[in-house]
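Quick note: the sequence shown, position 26, residue 25 per numbering that gives the first Met the number 0, numbers continuous.
Because the hints were derived from the structure by calculation, they are not lab data.
Any given hint could turn out to be false.
[Unchecked claim] Have a look at the derived ranges for each label pair, beta carbon to beta carbon:
1. R29 to Q9: 29 to 39 Å
2. T3 to R36: 49 to 59 Å
3. T3 to Q35: 41 to 51 Å
4. K4 to Q35: 24 to 34 Å
5. N27 to K6: 26 to 36 Å
6. Q11 to G33: 29 to 39 Å
Beta carbons: idealized from backbone N, C-alpha and C, even for Gly.
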Amino acid sequence: MYRTKIKQRQQQEQSILSTSTITISRNNLRKIEGRQRR
0 MYRTKIKQRQ QQEQSILSTS TITISRNNLR KIEGRQRR
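Take the sequences, apply the hints, and build the full model.
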């Protein structure tokens, strides 16, 4: 029981990290595009 709970928690943390990194990369891409347009 305990080990499965830890695995589930780790998977949740990894999914949250991946989604946050995707949003950050998108924001960075937008900033780069804005600099190139100028």
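Against the structure, the hints:
At roughly 31 Å, the beta carbons of R29 and Q9 sit within the given window of 29 to 39 Å. As the Cβ distance of T3 to R36 is approximately 50 Å, the hint placing it in 49 to 59 Å holds. As the Cβ distance of T3 to Q35 is approximately 48 Å, the hint placing it in 41 to 51 Å holds. Taken as a hint, the range 24 to 34 Å is violated for the pair K4 and Q35, whose Cβ atoms sit roughly 47 Å apart.
For N27 paired with K6, a C-beta distance near 31 Å keeps the hint of 26 to 36 Å intact. Restraint check, Q11 to G33: a C-beta distance of roughly 34 Å satisfies the suggested window 29 to 39 Å.
Hint violations for this structure: number 4 only, all remaining hints satisfied.
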